[in-house]
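Peer 1: Fit chain B to the given chain A structure using the hints.
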Amino acid sequence: MNKGDLILKLRGVSKQFGAVTALQDIELDVHAGEVVALVGDNGAGKSTLIKVLAGVHQPTAGSIEWCGQPVTLDSPGTALELGIATVFQDLALCENLDVVSNLFLGHEIDPWALDEVQMEVRAWTLLQELAARIPSVREPIASLSGGQRQTVAIARSLLLDPKIIMLDEPTAALGVAQTAEVLNLIERVRDRGHGVILISHNMEDVRAVADRIVVLRLGQNNGVFTAETSHQELVAAITGAAENSVSKRMARKQEEANA
Amino acid sequence: MSDLSPQLDRADSRVRHDEGIAGALRALIDRVKSGDLGMLPVIIGLIVISVVFSTLNPVFLAPNNLVNLLFDAAAIGLISLGVVCVLLLGEIDLSIGSMSGLASALIGVLWVNSGVPVALAVIGAVLAGALVGLLYGFLRNRFEMPSFVATLSGLLALLGLQLYLLGSTGSINLPYTSGLVKFGQILIMPAWLSYLAAVLPGALMVFFGLKTMARRRAANLSSSGRSVLFAKAGLLTAGLLFCVYYLNLGRGVPWMFGVFTLFVIALDYALRRTKWGRSMFAVGGNAEAARRSGISVQKIRLSAFALCSSLAALGGVFAASRLASASQQAGTGDVNLNAIAAAVIGGTSLFGGRGSAWSALLGIIVIQAISNGLTLLNLSSSLRYMITGAVLAIAVIVDSLARRSRARHGRA
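Protein sequences, first through last, are from chains A and B.
Residue numbers for the first sequence follow this note's numbering, beginning at 37 and rising by one.
Residue numbers for the second sequence follow this note's numbering, beginning at 181 and rising by one.
So that you can see chain A by itself, here it is in the shape it has in the complex:
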């Protein structure tokens, strides 16, 4: 897989939940070695799209192509096998298990006689690469803070060396240093030739790392932008109007400053 090759191609993907259309005719391309940011207001369908790609939800219509081959993502296992790793917004960790067990869940070393020593060593190595601050990998997840859990979830997604890693609001719960670490990490993952799909409400983070910014609005595509796009343009695409609460607020501030 060379940098710039098309890994994932979505055409006309739709998802209905009963009478509600969560996604309609979504198009999305992800190439090797690029960061695609997925932005949109609450309820724009970002998380639904992520879940479709992760095999959690099945699309009602549309086609998904993986490296040129049409595929059906009918279960999370299929998506993982193809090489789509996901860090969900709710992290999906088992609180009763310790960090090592969670990192290796479903992919334990030596299924008939778990190799705890090797798993623990790899867990520490991985966490150190991410500059993670986890005091002990033998404590249950329940005893970790939100940021620590986020780090564990990201570390888990990298364990299988996926082609595409999807991050749903990865920095929402993180401190300043951890946010910078995650952004560094995203760049490192991209430079290794992986594709990254990043969902975030934080435009600063998005513009710092994204090569392309895909805007969703009310379950539909609403333009593709680059990091050079101005903040106003992005907000206009997200909210669907040049005249919105964000622009009004900025205009008001401007007036106050002028007065």
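Source of the hints: derived by calculation from the structure; they are not laboratory data.
Idealized CB from N, CA, C, for every residue including glycine.
Honestly, I wouldn't trust all of these hints.
To be verified - Chain B regions said to be covered by chain A (calculated; three or more residues, Cβ under 8 Å):
#1 390-399
#2 453-466
#3 470-484
Unchecked claim - Here are some chain B residues pointing at chain A (derived, C-beta under 7 Å):
#4 188
#5 194
#6 590
Claimed, not checked - Straight-line distance between alpha carbons at most 30 Å, and here's what the computed DSBU-like set of lysine-lysine pairs gives:
#7 B:455 / B:479
#8 B:391 / B:412
#9 B:479 / A:199
#10 A:199 / A:45
#11 B:455 / B:412
#12 A:199 / B:455
Peer 2: For chain B alone, coordinates are given in the frame of chain A:
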């Protein structure tokens, strides 16, 4: 490795590292305080039970009475072992009693009435259990039918099948001279073998403990230290040797209980050291997270229900061999509740994701001790039912309180 660089898991200065025996004790006290009770309720329960019943009737602690107690414990213990599997997933099986009764009826009909070899009859009974369990799993997976309801209807249906199989006669006696009945009534381990069995766990613990320690040191990880390992192994061996010595003052250790213990060891290994076991805990802790990690939650559920019903069936076979009969009463009454109570008393949570195979063994000894003590006092079954019911209620309350305390202390 160099001694200068901190070990991988000792780099963070915020974590207190408990070294040596004092440290191990301190960690243990912390765990209990935060609601991780482990074996504590069982030990307290056994002490209270022993004191109360031996003051009321000194026969209670006589070696031969304890041997009988172990004979009685094996059958329901096996059933309880299956219950541990479904409880780990946060599910329940209320039909285990009926399943064990059906299995004993199958043994009677197949072996005594139809002349099928006894081994085949046992295999047939266990397979019937597996099928019933797969059906429960299917109902749970396909129709999201709560296991509580599915197995409650199973309770009645299996009981009906048991009565149908036994027909108008109502009970089938198993031949007294057969190996199966001897196994359930008189077969005792030779003394040397029981002593060997008492020493082996400690020896294996030291052997594998030292091996793991060496590997951890080679991998630059910390290890708990030899003193703790030797202390644990020593305590375990001393305790087991005393038990075996005391039982050998009477008839000795029943083979039936030995076989039950082997099943416990096998399930303990499967739960703690295999991918399947890890998946069981994951599904019990957070089924959605397990599913997203690529674990087939449906297969895990099927396996747990099938294992539970199979073990219940095997428990029924044990019970039939203990009683030398397959009767309409087999598996009815307090069998269901005793098996579930044993698992919960032993420390397996009703809420899923926490527990161990050993809880079945420890819990059933507590339950059987109560039942045995009450029988020695010549109490009617009415009182026995009431007391056992109360014990189950207390066990569940302790489980709930411990769970709340764990949540407060940030432990799942």
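Peer 1: If a hint holds in the structure, say so; if it does not, say that too.
Peer 2: Hints, one by one, checked against the model:
With 4 residues bearing a CB less than 8 Å from a CB of chain A, the segment 390-399 of chain B meets the requirement of three and the coverage assertion stands. For the segment 453-466 of chain B, the stated coverage by chain A holds: 11 residues have a C-beta nearer than 8 Å to a C-beta of that chain, and at least 3 were required. Counting residues of the segment 470-484 of chain B whose beta-carbon sits less than 8 Å from any beta-carbon of chain A gives 7, enough to reach three: the coverage restraint holds. Annotation: interface hint on residue 188 (chain B) holds; nearest CB of chain A at approximately 4 Å, less than 7 Å.
Because the smallest distance between the Cβ of residue 194 (chain B) and any Cβ of chain A comes to about 5 Å, under 7 Å, the interface hint for this residue holds. With a least beta-carbon distance of about 4 Å to chain A, the hint placing residue 590 (chain B) at the interface is held under the 7 Å criterion. With a C-alpha separation of about 13 Å, the suggested pairing of residue 455 (chain B) with residue 479 (chain B) holds against the 30 Å cut-off. At most 30 Å may separate the alpha-carbon atoms for a hinted pair to count; residue 391 (chain B) and residue 412 (chain B) meet this at roughly 16 Å.
Our distance criterion of 30 Å between C-alpha atoms is met by residue 479 (chain B) and residue 199 (chain A), whose separation comes to about 28 Å. With a CA separation close to 14 Å, the supplied pair residue 199 (chain A) and residue 45 (chain A) stays within the 30 Å bound. Among the hinted pairs, residue 455 (chain B) with residue 412 (chain B) is consistent with the structure: their alpha-carbon atoms are about 27 Å apart, no more than 30 Å. For the proposed pair residue 199 (chain A) and residue 455 (chain B), the alpha carbon gap of about 25 Å is at most 30 Å, so the pair holds.
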